[in-house]
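Could you put together the complete structure from these sequences and hints?
Line by line, the protein sequences are chains A and B.
Numbering follows my numbering, with no gaps: position 33 of the first sequence is 33.
Each position in the second sequence, counted from 1, maps to that position plus 297 in my numbering.
Note that these hints are calculated values from the structure, not bench results.
Part of the chain A face toward chain B, derived, beta carbon under 8 Å:
(1) R77
(2) G95
(3) R103
(4) L104
We put the CB at the ideal spot given by N, CA and C, even for glycine.
As a plain string of letters, each chain reads:
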Amino acid sequence: MTEAIDATGLVKRFGKVTALDGLELHVETGEVHGFLGPNGAGKTTTIRILLGLMRSHRGSVRLLGGDPWAEATALHRRLAYVPGDVTLWPNLTGGEVIDLLGRLRGGLDPKRKAELLDRFELDPRKKGRTYSKGNRQKVALIAALSSDVELLILDEPTSGLDPLMEEVFREVIGEEKRRGDRTVLLSSHILAEVEALCDRLTIIREGRTVETGTLADMRHLTRTTIQAELSGPPDGLATLAGVHDFQLDHDRVRFDVDTDALEPALRKLVTVGVRSLVSQPPSLEELFLRQYQKDER
Amino acid sequence: MTGVGSLVRLILRRDRVILPLWAVLLGLVPAGYVASFEGLFPTVAERLDYARVSATNAGFVTLYGPLEGSSLGELVAWRAGFLPVLVALCAVLTVVRHTRADEESGRTELVGAAAVGRHAQLAAALLTTAGASLVLGAVLTAAMVGQGMPVEGSLAFGAEMALTGWAFAGVGAIAAQLTSSARSARSIGLLALGVAFVLRVGGDTSALSDGALSWLSWLSPIGWVQHLFPYGANNWWPAVLAIVFSAGTSAVAAVLLTRRDFGAGLLPARLGPASASAGLSTPFALAWRLHRGLLLGWTIGFALLGLIFGGVGGSVLDIASENQGLSDIFARLGGSEALVDSYFAGTAGILGLIAACYAVQATLRLRDEEQSGHAEAVLTTAVSRYTWAGTHLLFALLGPAVVLAAAGLATGLAYPQGDLGTILAGTLVQLPAVWVLAALAVLAFGLLPRLSAVAWAAPALCLLILLVGQTLQLDQWILDLSPFTHVPHLPGGDISATPLVTLTVVAAALTAAGIAGLRRRNIPD
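Put into structure tokens, the structure is as follows:
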């Protein structure tokens, strides 16, 4: 099976500013792939190269097996894109924009469109200029999701959506995922969203890929937080290899432990005697923060 | 009103190029006329002759307004009678740009969240525009005094332009409150300007005949300021009308502002269809939706202009046949028939230049589409860059053909004595020159997208050459820079295919280069 997106060593400069500096992005066909990075990391630039709107200075890109710059028009029939900042034509209604974009892409499913309009609670009769940011986002999402395409490229699709609509969005993407024949590239800086939806993810920073893999892979590199109430003094626990940020308050301890040092730390706790125990797996937030701290060092 | 000072500074910073450009350049234009009028009509008798012909020529009165006396200053001030329209245009656009356009783009929200009063944005836009108009007036006065003209007349002349700016700043401020989009606000402002112009023309041309409708001029701010009659009567009292109007419209705008929600207009937004009609499914259909309003507006405007020009053509002949002295002058110029012909050839040239503005505007829609992100939405569907640009350029290149044909037909209909065919041909031969200016805009858009607005310099330059080229007796090579110089003069002149083919080939080459640049570059750039 070929990769839906295969970008290697992308370099893109704007004048003196280097936006991408050897970026790697590999997305398997049929997966939901998270694309994470802080603002200005190069997510949108990467997506624009994938869409043939811009050309990289170095590196190679294949999208659905084709060259996104040379074969843009043919490839675009097979994908749908939702930009991060959706703008609509001021004098076209939302419904008109959905139909138009779908037809320009090669057709859309009217039943699916009606269902999505209902679920996202969008009034399609309003003119483009009167929609709020969230509603403009919905217009683009419905246009993309009701097209029958192989690849969805979503650039921060939930920015501007309220929490209820974010939930609807997650449900819909979850359904797409279960269908199994659609590939989704989901750029985001909302980690909970990526955590809930994505099979694999790529984290980028300052135009470079810093981490790529499944969430489980990445958790191996991270620490679990343990809070416990002990029945005796935790002698030797603080100095155990792999234990960090150890805090002791009477009979309560709180510490972080590397994944490969989890077992010896737990044995030690059992030896001391445990009255209560809370263990927190690493969240993506922490993973993210640690990744950046590591880079800064 | 907190924060007005800092907002004014912000506007001055953002418009540090464009504001001085219109305030100073427009202010300097009339000073250039002094020497040329002195050179062309050195004696009092000659000026008297010229003034007598001009004051009764409906074509001249339409373009420049009424002429009372024949002193050098009066002739210069009268000949600059088109300036108030340009000043009003700049004032409306500046006010809308810093009120509704900012509000629509969301910048106002950013500023409004800071410690800024509710009316601060409007006040800052009005103050800056009024200040720029004042600078324009001061530059004009100083330049005229520098040319040795009387001080009181020069002050009145400067006041004429400054007051126009003030009056139309108020018009722009009201327009900005009415709708939620800057584009509609601009259209409303320009419509008001058009109405003021037509009222002024109606009143002034009526005064040439029985005068039954001459009161129409007094309904128009442009009419008021022209009745200052600098260097002649130096009437100051119409200035009061303009000042009251300016204060009144500003106050109305301020009241309207408090009656509406942020981001909304006073005119309600209507609901539209929930799904697209079957026809709205191609890139061309989208381009038609985006361009049809513009095309319709320009077509109506051109048809009206054609009716005015054609109607005036009739009175040119009437004046010539009634007045023995004038008939002699016309006879020397080649007979009344030749005069009417050259009048229509002249109006065709003016129509061509205005059509070029439409062509540039329609071409730069591409840049608007790119900057707003709409282009990204279309280009990530199965629409190629060529198709996308092509559908818009269809309107930029063929739209001017439609509006010029409308103007030619309307002119011919309003002047039944003439030959409709040659009058129509006179407007249509402008097309290749229009295309060259549109093609320059395509070139800028393709190769230097961030400097696309520079494309407006071309019609501005051609306008300048048309307005002052003859009077300043510029060298031929400067006149040749304007593609309109090469267009055959019809009716009356000879039609030759060579310049038309050459201009078309130049336009095609520039367009191709621009499109090739577009294919290669980043979107958005």
